[in-house]
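Using the hints provided, position chain V relative to the given structure of chain F.
Protein chains: 2
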Amino acid sequence: MAERVLVAGLGLLGGSFARALRRVRPDCRILGLETDPVHGGQARALGLVEGLWDPGSAGEPFDLVFLAVPPSAMAPVLETIRPGVGVRTLVMDACSVKGPVLRAMAQAFPGHGGLVPAHPIAGSHASGPASADPALFTGCQVVLSPLPSTEPWALTAARKLWCDLGAGVREMEAEDHDRTLALLSHLPHLAAFALAGLASGADLSLAGPGFRDSTRLARCPPGLWADIALANREALGPLLEAYATRLIGLKGLLDGGDRAELQKCLMNGALGGE
Amino acid sequence: MAERVLVAGLGLLGGSFARALRRVRPDCRILGLETDPVHGGQARALGLVEGLWDPGSAGEPFDLVFLAVPPSAMAPVLETIRPGVGVRTLVMDACSVKGPVLRAMAQAFPGHGGLVPAHPIAGSHASGPASADPALFTGCQVVLSPLPSTEPWALTAARKLWCDLGAGVREMEAEDHDRTLALLSHLPHLAAFALAGLASGADLSLAGPGFRDSTRLARCPPGLWADIALANREALGPLLEAYATRLIGLKGLLDGGDRAELQKCLMNGALGGE
Numbered sequence: 039m040a041e042r043v044l045v046a047g048l049g050l051l052g053g054s055f056a057r058a059l060r061r062v063r064p065d066c067r068i069l070g071l072e073t074d075p076v077h078g079g080q081a082r083a084l085g086l087v088e089g090l091w092d093p094g095s096a097g098e099p100f101d102l103v104f105l106a107v108p109p110s111a112m113a114p115v116l117e118t119i120r121p122g123v124g125v126r127t128l129v130m131d132a133c134s135v136k137g138p139v140l141r142a143m144a145q146a147f148p149g150h151g152g153l154v155p156a157h158p159i160a161g162s163h164a165s166g167p168a169s170a171d172p173a174l175f176t177g178c179q180v181v182l183s184p185l186p187s188t189e190p191w192a193l194t195a196a197r198k199l200w201c202d203l204g205a206g207v208r209e210m211e212a213e214d215h216d217r218t219l220a221l222l223s224h225l226p227h228l229a230a231f232a233l234a235g236l237a238s239g240a241d242l243s244l245a246g247p248g249f250r251d252s253t254r255l256a257r258c259p260p261g262l263w264a265d266i267a268l269a270n271r272e273a274l275g276p277l278l279e280a281y282a283t284r285l286i287g288l289k290g291l292l293d294g295g296d297r298a299e300l301q302k303c304l305m306n307g308a309l310g311g312e
Numbered sequence: 039m040a041e042r043v044l045v046a047g048l049g050l051l052g053g054s055f056a057r058a059l060r061r062v063r064p065d066c067r068i069l070g071l072e073t074d075p076v077h078g079g080q081a082r083a084l085g086l087v088e089g090l091w092d093p094g095s096a097g098e099p100f101d102l103v104f105l106a107v108p109p110s111a112m113a114p115v116l117e118t119i120r121p122g123v124g125v126r127t128l129v130m131d132a133c134s135v136k137g138p139v140l141r142a143m144a145q146a147f148p149g150h151g152g153l154v155p156a157h158p159i160a161g162s163h164a165s166g167p168a169s170a171d172p173a174l175f176t177g178c179q180v181v182l183s184p185l186p187s188t189e190p191w192a193l194t195a196a197r198k199l200w201c202d203l204g205a206g207v208r209e210m211e212a213e214d215h216d217r218t219l220a221l222l223s224h225l226p227h228l229a230a231f232a233l234a235g236l237a238s239g240a241d242l243s244l245a246g247p248g249f250r251d252s253t254r255l256a257r258c259p260p261g262l263w264a265d266i267a268l269a270n271r272e273a274l275g276p277l278l279e280a281y282a283t284r285l286i287g288l289k290g291l292l293d294g295g296d297r298a299e300l301q302k303c304l305m306n307g308a309l310g311g312e
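Protein chains in written order, with this note's numbering: chain F, 39 to 312; chain V, 39 to 312.
These aren't lab readings, by the way, just hints derived from the structure by calculation.
Be aware that one or more of the hints could be misleading.
The list cannot tell twin chains apart, which means a pair is met if one copy fits it or any two copies do.
To be verified - Below 25 Å or equal to it, Euclidean Cα-Cα: the simulated SDA-like pairs (lysine to any residue) are:
no. : residue 1 : residue 2
1   : 302       : 93
2   : 302       : 166
3   : 302       : 164
4   : 302       : 273
5   : 198       : 65
6   : 302       : 114
7   : 198       : 74
8   : 198       : 40
9   : 302       : 283
Extracted from the complex, chain F is given alone in its bound form:
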């Protein structure tokens, strides 16, 4: 029987997942769930999904529910999908923050064996269904952070799915994941918004490739990133402070004209040329 799939959230991640899944499992039936009617309409028109799911309709439970929604939407969407979740439904998210998602999943579906919190480390500053890219996950890494209730069949199915999509899979504790991603992703995003904010109103006509790269992440949706930052604020707050302290330290070395110490400080972060 054809696999039944629900993709909740038809933006960049959800849309890309639908496109990528259809490539490797051409027989699967993909329905969508989307609170934004414009995105929902686009996703249908683009053929990302066969149709939008009506939670009130009777029907078999899904084989897979993929939740590609921001952290703050997780709790309500977990309630919405309830009629589509059976004992053998694999429920997977794609959030960049895992701690709050694990708690929300465990609360909504206590003891459910099919819960597999996931974070595919892929993305782009593009957003919306029109940016859906079937190759988004090719070569990316996916972190799985299973719950105590997660059963082996679900973990195996999740691993196989991401491998089929061309991604590498590793398991990681939610807390380790969140601390690591705060440093490698959430801080750079907020830093880019802050840097671009400092330059807002300035004449950017002399901006070179360095400025463009340094502020590329400020092209991401600010609402989504406010959401992610808040969801991971325990790990992110101290990093924002440590980063600011380093910048103030550099200013002190400039004020003091201490070339040797300044160079030593920059060396500490030097990644080496080509």
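Below, chain V without anything else, positioned relative to chain F:
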């Protein structure tokens, strides 16, 4: 008679200039000046220059001297080139900071009509003669900051030269240039070093494209950037402080859980998606 050119500093900028110049003026004779014997040898072996200049040798003054050295090397190199500078020698630099360069040039060659301080806004994190790229300046912008002593023939020759190399030219007061570049280039460079420094020692295996872009400038040579930062510290210091203040402000909003205000702050720097 063939144009005689001296390129002082045979790293990325000087080497690229030599390669680019030879493309558009195949007859010119390019000599090099380089304190690093390894770079000097590489530049000769790669054919960037016909040979290295001996300041003690008698000979005609150069038509053009291009100074591609860090700010801190400017004063000594201006002394070294003295025997090669005649009344009709165009002397041009490529520094990312203009104020101190103008002062050093005016002090070394008071009243000289051929001084044209220049900043081609081009570059890469690569360095050394082997990274010389004849297309480095194609499509880039070049800022010229003439001195009171600069004569029209020199400014005209400088404009024509950069146009021939495919660059766009504009004139700008040194002070305006330095303030603008502190924001658009020097701050992003120091921020990248600081961000990469914060992550030094961390497991980078989960770093995605966002982290790579945000820290790309930390692949630049730390010694050069310590030099540039110090040369522009008056403009750069307050920006480091303002940037740190913004980051601390974001931390405060995270601590307070103020989603609306956090989103507003990020919106302020949002560059818009695709």
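Comparing the hints with the structure gives:
no.	hint	in the structure
1	302 / 93	neither (60 Å within a copy, 34 Å between copies)
2	302 / 166	between (44 Å within a copy, 21 Å between copies)
3	302 / 164	between (37 Å within a copy, 20 Å between copies)
4	302 / 273	between (27 Å within a copy, 22 Å between copies)
5	198 / 65	within (17 Å within a copy, 63 Å between copies)
6	302 / 114	between (50 Å within a copy, 24 Å between copies)
7	198 / 74	neither (31 Å within a copy, 55 Å between copies)
8	198 / 40	within (17 Å within a copy, 68 Å between copies)
9	302 / 283	both (16 Å within a copy, 24 Å between copies)
The structure fails to meet hints 1, 7 from the earlier list, while all remaining hints are met.
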